Amino acid sequence: MNPFAYTSPKNTSDAAALAKPNGDFALPVLKSGGMDLLDRMKEGLEQPDLIIDLTRIEDPTLDAIKPDRIGGRATLAMVAESEALRTSAPILGASAGSAATPQIRNVATVAGNLLQETRCWYWRMSQFDCLRKTGDDCPAREGDHRFHVIFQNGPCLMVHPSNLAPALLVLDGEVEVVGGDRSRIAIRDLYPDPAVDWQSTSVLSPSEIITGVRFRSAPNSAFIALKQKQSFDWPMVSGYAALELDGDVITSARTCAGAVAPRPHLLPQVDAALAGVSIDDDRRIRAACELAVDGADPLPGTVYKTTLLPVAIRRAVNAAASLSSPDQGGDA
Amino acid sequence: MTHQPRDLRAINSGQSVADHASRLDGLAKATGAARFGRDQIKKDMLWVRLIRCPWGRAKLDSLDRDAALATPGVVEVVVSGDDGDYHGDSIGYLVARNRRGLERGLRALNAKWTRLDCQTGILDDEQARGPMDAPSEAAAKAIDAADFSFEARYSTPVQTHSSLETHGLMIEPDGENSIVHASTQGTFVVADQIGRFLGKRRSKIVVDCEYVGGGFGSKFQIGKEGAAGGLAAKSSGEAVYSFCDREEEHLDTGNRPSLLCKVNVGHDADGTIRGARFETFGGTGVSRRGGGARVPSGRFEFGTLDARNHRDVQFNAGGPRAMRAPGCPQGAFVEELLIDEIAHRCGLDPLGLRRRLDDSDRRQRMYDVAADLIGWENRVDTGSQSGTMRTGYGIGTCDWGKGRAPAKIEVVVHPDGHLEVRTGTQDIGTGQRTAMGALVAARIGVPLANISVAIGDSRLPPGPASGGSVCTPSTAPAAMAAADLARERILAGVAEREKLDATKLTIDDGVIMEGGRKVVRWEDACRRLSEPVSVTGEFDGRASAYWGEGSSEGVQAARVEVDCETGQVFVREVIAIQSCGLPLVRKTAESQIMGGVIQGASYALFEEQVLDPATGAVLNANLESYKILGSEDCPRIIPVLWRDDQTGVRALGEPPVVPTAAAIANAVFNAIGRPVRDLPLRPDRVLAALAEPMAERVVAVAPRTTEPENRA
Chain A
465 MNPFAYTSPK NTSDAAALAK PNGDFALPVL KSGGMDLLDR MKEGLEQPDL IIDLTRIEDP
525 TLDAIKPDRI GGRATLAMVA ESEALRTSAP ILGASAGSAA TPQIRNVATV AGNLLQETRC
585 WYWRMSQFDC LRKTGDDCPA REGDHRFHVI FQNGPCLMVH PSNLAPALLV LDGEVEVVGG
645 DRSRIAIRDL YPDPAVDWQS TSVLSPSEII TGVRFRSAPN SAFIALKQKQ SFDWPMVSGY
705 AALELDGDVI TSARTCAGAV APRPHLLPQV DAALAGVSID DDRRIRAACE LAVDGADPLP
765 GTVYKTTLLP VAIRRAVNAA ASLSSPDQGG DA
Chain B
42 MTHQPRDLRA INSGQSVADH ASRLDGLAKA TGAARFGRDQ IKKDMLWVRL IRCPWGRAKL
102 DSLDRDAALA TPGVVEVVVS GDDGDYHGDS IGYLVARNRR GLERGLRALN AKWTRLDCQT
162 GILDDEQARG PMDAPSEAAA KAIDAADFSF EARYSTPVQT HSSLETHGLM IEPDGENSIV
222 HASTQGTFVV ADQIGRFLGK RRSKIVVDCE YVGGGFGSKF QIGKEGAAGG LAAKSSGEAV
282 YSFCDREEEH LDTGNRPSLL CKVNVGHDAD GTIRGARFET FGGTGVSRRG GGARVPSGRF
342 EFGTLDARNH RDVQFNAGGP RAMRAPGCPQ GAFVEELLID EIAHRCGLDP LGLRRRLDDS
402 DRRQRMYDVA ADLIGWENRV DTGSQSGTMR TGYGIGTCDW GKGRAPAKIE VVVHPDGHLE
462 VRTGTQDIGT GQRTAMGALV AARIGVPLAN ISVAIGDSRL PPGPASGGSV CTPSTAPAAM
522 AAADLARERI LAGVAEREKL DATKLTIDDG VIMEGGRKVV RWEDACRRLS EPVSVTGEFD
582 GRASAYWGEG SSEGVQAARV EVDCETGQVF VREVIAIQSC GLPLVRKTAE SQIMGGVIQG
642 ASYALFEEQV LDPATGAVLN ANLESYKILG SEDCPRIIPV LWRDDQTGVR ALGEPPVVPT
702 AAAIANAVFN AIGRPVRDLP LRPDRVLAAL AEPMAERVVA VAPRTTEPEN RA
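Same order as they appear, the protein sequences are chains A and B.
Here the first sequence is numbered in my numbering, starting from 465 and rising by one per residue.
Here the second sequence is numbered in my numbering, starting from 42 and rising by one per residue.
A couple of the hints might just be wrong.
Claimed, not checked - No farther apart than 30 Å at their CA atoms in a straight line, the calculated lysine-lysine pairs in the DSSO-like style are these:
| id | chain 1 | residue 1 | chain 2 | residue 2 |
| --- | --- | --- | --- | --- |
| 1 | B | Lys-241 | A | Lys-506 |
| 2 | A | Lys-597 | B | Lys-241 |
| 3 | A | Lys-693 | B | Lys-70 |
| 4 | B | Lys-265 | A | Lys-506 |
| 5 | A | Lys-530 | A | Lys-506 |
| 6 | A | Lys-506 | B | Lys-245 |
| 7 | A | Lys-506 | B | Lys-559 |
| 8 | A | Lys-495 | A | Lys-484 |
| 9 | B | Lys-83 | B | Lys-182 |
| 10 | A | Lys-693 | A | Lys-474 |
| 11 | B | Lys-70 | B | Lys-182 |
| 12 | B | Lys-182 | B | Lys-84 |
| 13 | A | Lys-597 | A | Lys-530 |
| 14 | B | Lys-84 | A | Lys-506 |
| 15 | B | Lys-83 | B | Lys-100 |
| 16 | B | Lys-245 | B | Lys-84 |
| 17 | B | Lys-265 | B | Lys-153 |
| 18 | B | Lys-100 | A | Lys-597 |
| 19 | B | Lys-265 | B | Lys-275 |
| 20 | A | Lys-495 | A | Lys-474 |
| 21 | A | Lys-597 | A | Lys-484 |
| 22 | A | Lys-474 | A | Lys-597 |
| 23 | B | Lys-83 | A | Lys-506 |
| 24 | A | Lys-495 | A | Lys-597 |
| 25 | A | Lys-506 | A | Lys-484 |
| 26 | B | Lys-559 | B | Lys-265 |
| 27 | B | Lys-182 | B | Lys-100 |
FYI, nobody ran anything at the bench for these hints, they're computed from the structure.
This one's a predicted model, so the numbers in the text were calculated from it and none came from an experiment.
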């Protein structure tokens, strides 16, 4: 690792000011949970000259959880255990509680989860150049890409690693930011269009800090992760669903897929097909969820994900539909 | 999660020498008080790191030695070559005063490599890819004479050792001597090997490995990291620390090699196997040998065999080293799945077919118990289930030889009644320390609390390396002999003082008795000693009155659930029956069995080294994407020690890892009706199998299709 300076400001605006690249520090980086930063530094993927530690900022709103808002610094464990969210948006606790390990969830934050870097093993190894670095080629395309995309909507074949981003997307979430000239960004706009920009982690400038996320309530919302390993694994595919119900009938649905595209992948064709369907009508729900792979263009090594995706979405829809009372969990 | 259900403990109670003894080092390990080799970090010492090739094959173009040497803290840069033949291959090493200097020095060295074309697996070999050769004349005749025949090919991946304590050593000068704190499976192996690099006589080298964090066969040699550490210690005369980091541990410390096995087998309608040809290809990376697999194992009757057709295939990856039962889990996977496939073709219960093909009396009885405990009666015919979640049952077996090696154990009786058991042999986590202490305590008749064990130090009496599962079988006769000598010495003194017949005296829980009469407490008898009594028991590695009778055999039964929409396999339960002669300590013996099952289940479902096909770089040299079974993936494991009144201590370290993957693969076959012939049993492979037609039946039978009772 290269030497770096370290500072722990007491308020968010100081942190944002420090995070602006300047003559003293060309590569400042913000750190909260810091779960991944050290690994990236050790691998030489990042060489910050200033680390701005956000954990000493004295602002309780950064950690608070309310039925419609989560502080950016709240840990995944706090989200997973929140009673308020279990009622208003069970999809959040389920997806946060499925990430990584209990140890990591105790430290990793919501903002960090939204802004984490891809797990693409080519990108993670310093000896490989790739489109996300300075290269002209993607080594995963002809390489071992078993964990990569099935929707090739950009030249980079990485999948987005966040468990929470798709959940917030189906909840029409937005992030609160300080340090720039805007205070809110919709989750759907947080990540760049992979066809246009395949190198940026998000649209945020270096000095913008996520202080919280806001979202609509969705008592009938659920998350399903299909993992190879049940302890500490990234999903092969994940499914997200938030339903509006009138009795047993789905009046509107929002579904989203994780781990299949460079950013969370909404499935409007599934949503349209689910509208008006009874939650007991297994045949129509199946047919609707099969549409999840419309437009999929899998790689030779990711064909299996096209089998998994409709299953994940259907199970998420069924789990969301079965949440009639706040007492029932969302994760199958 | 693993539960050792208390109600099932009764299975093993009374089976071992010490049923209730707990690990003597449990507290030290749990609290961190135990100092492993990797913990030996001193303020003033040098750090060593190898300079490694980042690609499968590459040529070094340039490096900036001057810049590296100009880096603060860097002491020495040694470069001895410019060819890299695999990712992790080393061309030299760098020595620095501290870790920071090491890291910055390596960066300043700025090694530039030109990547070259490389080969990355067995299937890069034309013969391996191609069709099978014709069987030998005799085997061909037998196969042709059989009612049916078929060909199949099976494969297993590279499994890396992933030792929790990485490979390496720390060397510190001590006057004329060098003390070597090593993470090793062979205290005395290190003492013999490191001298060449240190330039020291064997008598000036002390090896300390009191605590070792794992070793499944890859820690019999000091490795390149150890050699570099030795050279740096010699040239500097200072303390030197040379341990692999996590990535290096995956790249260059050996592995269980991959296997491709092609089989041509002829069988009759009743399941009798008339003849078979096995062709095996071992993936040995840059090594020329070490890829062999034990298939068939000899446990089952295969008729006229044409086996021993093995070739090791070289490619650009790190080479293998012994790994817990080398060649056996991969061989068992092939052989046991093949037997289940034959059973299915003939419409037979695979357990019934095994009973006919297996002539071990002990395993015949184990089959009964395994079937009973796993609930075999709930098994339905292979391929007869529908629905999303399907349950499967499978069986695997093992056996092991009676290897042994010379060993000495010293027992010192102190005048306060305290006993010291002294053995230079290492405890790599198996419970060797506890086994020796508990054996001596039980043999003499004193509580374990009276015993301490000094272990893992080359100044102590010599013993074998931990390999081939010979360590406990070899040290136990020596420990029994030493315990008996110590006991006799103390009893002789008591008899003389009390004018009793020493042969009539016994010791029960620290009290010396004559018949039912208490004579004197052990401590009081020892108090009469003017100085400590030292006795040494010796086993010559061949014969001994203490060797006794016994064998290592095992049967495991697995119950799995397969999610047929996602291809996920969940191992719910494994019954692991294992004989090991006379078990010494129930808890550590059970732990060995459970560890074998966990490692075997991990091998069955998750573990595989992934090489980039174009560059040969290892894509998963870390514990994130090199997937190892975690707590949520762990089945309920019921370890069953099988005593059968055996008297001799036998192998236990390796055999329990042999049947697990085979049993799980068979259970998956039973659940989904198609064999998955490639490990690991990944979801994509299970889904691909499910897309294939149901496995062929060549003998018509009425299937049993009752849905199984849900026992989850």
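Hints, one by one, checked against the model:
1. For the given pair, Lys-241 of chain B sits about 37 Å from Lys-506 of chain A by alpha-carbon distance, which is inconsistent with the 30 Å threshold.
2. With a CA separation close to 50 Å, the supplied pair Lys-597 of chain A and Lys-241 of chain B exceeds the 30 Å bound.
3. Under the criterion of a C-alpha separation no larger than 30 Å, the hint pairing Lys-693 of chain A with Lys-70 of chain B is consistent with the structure, at around 28 Å.
4. For the given pair, Lys-265 of chain B sits about 23 Å from Lys-506 of chain A by alpha-carbon distance, which is consistent with the 30 Å threshold.
5. For the suggested pair Lys-530 of chain A and Lys-506 of chain A, the alpha carbons sit about 37 Å apart, so the restraint of at most 30 Å is broken.
6. The straight-line distance between the Cα atoms of Lys-506 of chain A and Lys-245 of chain B is roughly 39 Å, outside the 30 Å bound, and the hint therefore fails.
7. At roughly 67 Å between alpha-carbon atoms, Lys-506 of chain A and Lys-559 of chain B are farther apart than 30 Å, so this suggested pair is violated.
8. With a CA separation close to 14 Å, the supplied pair Lys-495 of chain A and Lys-484 of chain A stays within the 30 Å bound.
9. Note on Lys-83 of chain B and Lys-182 of chain B: the hinted pairing is violated, with a Cα-Cα distance of about 68 Å set against a maximum of 30 Å.
10. Between Lys-693 of chain A and Lys-474 of chain A, the direct Cα distance comes to roughly 40 Å. Violation of the 30 Å bound is thereby established for this hinted pair.
11. A hinted pair counts as satisfied when its Cα atoms are at most 30 Å apart, and Lys-70 of chain B with Lys-182 of chain B does not qualify at roughly 59 Å.
12. Simply put, Lys-182 of chain B and Lys-84 of chain B have alpha-carbon atoms about 71 Å apart, too far for the 30 Å limit, and the pair is violated.
13. In summary, the hint linking Lys-597 of chain A to Lys-530 of chain A is not supported, as the alpha carbons are separated by about 39 Å, beyond the 30 Å threshold.
14. A distance of roughly 23 Å separates the Cα atoms of Lys-84 of chain B and Lys-506 of chain A; the hinted pair therefore holds under the 30 Å criterion.
15. A C-alpha spacing of about 36 Å is found between Lys-83 of chain B and Lys-100 of chain B, which places the hinted pair above 30 Å, so the restraint is violated.
16. Note on Lys-245 of chain B and Lys-84 of chain B: the hinted pairing holds, with a Cα-Cα distance of about 24 Å set against a maximum of 30 Å.
17. The hinted pair formed by Lys-265 of chain B and Lys-153 of chain B meets the criterion: a straight-line CA distance of about 22 Å does not exceed 30 Å.
18. Under the criterion of a C-alpha separation no larger than 30 Å, the hint pairing Lys-100 of chain B with Lys-597 of chain A is consistent with the structure, at around 24 Å.
19. Of the supplied pair hints, the one linking Lys-265 of chain B and Lys-275 of chain B holds, its CA atoms being roughly 15 Å apart against a limit of 30 Å.
20. About 14 Å separates the Cα atoms of Lys-495 of chain A and Lys-474 of chain A, which keeps this hinted pair within 30 Å; it holds.
21. With a C-alpha separation of about 22 Å, the suggested pair Lys-597 of chain A and Lys-484 of chain A falls inside the 30 Å cut-off, and the hint holds.
22. Simply put, Lys-474 of chain A and Lys-597 of chain A have alpha-carbon atoms about 34 Å apart, too far for the 30 Å limit, and the pair is violated.
23. The suggested pairing of Lys-83 of chain B with Lys-506 of chain A holds, with an alpha-carbon distance near 23 Å, which does not exceed 30 Å.
24. A C-alpha spacing of about 21 Å is found between Lys-495 of chain A and Lys-597 of chain A, which places the hinted pair at or below 30 Å, so the restraint holds.
25. Proximity of Lys-506 of chain A to Lys-484 of chain A is assessed by CA-CA distance (about 23 Å); at most 30 Å being required, the pair is judged to hold.
26. Between Lys-559 of chain B and Lys-265 of chain B, the direct Cα distance comes to roughly 60 Å. Violation of the 30 Å bound is thereby established for this hinted pair.
27. With a C-alpha separation of about 52 Å, the suggested pairing of Lys-182 of chain B with Lys-100 of chain B is violated against the 30 Å cut-off.
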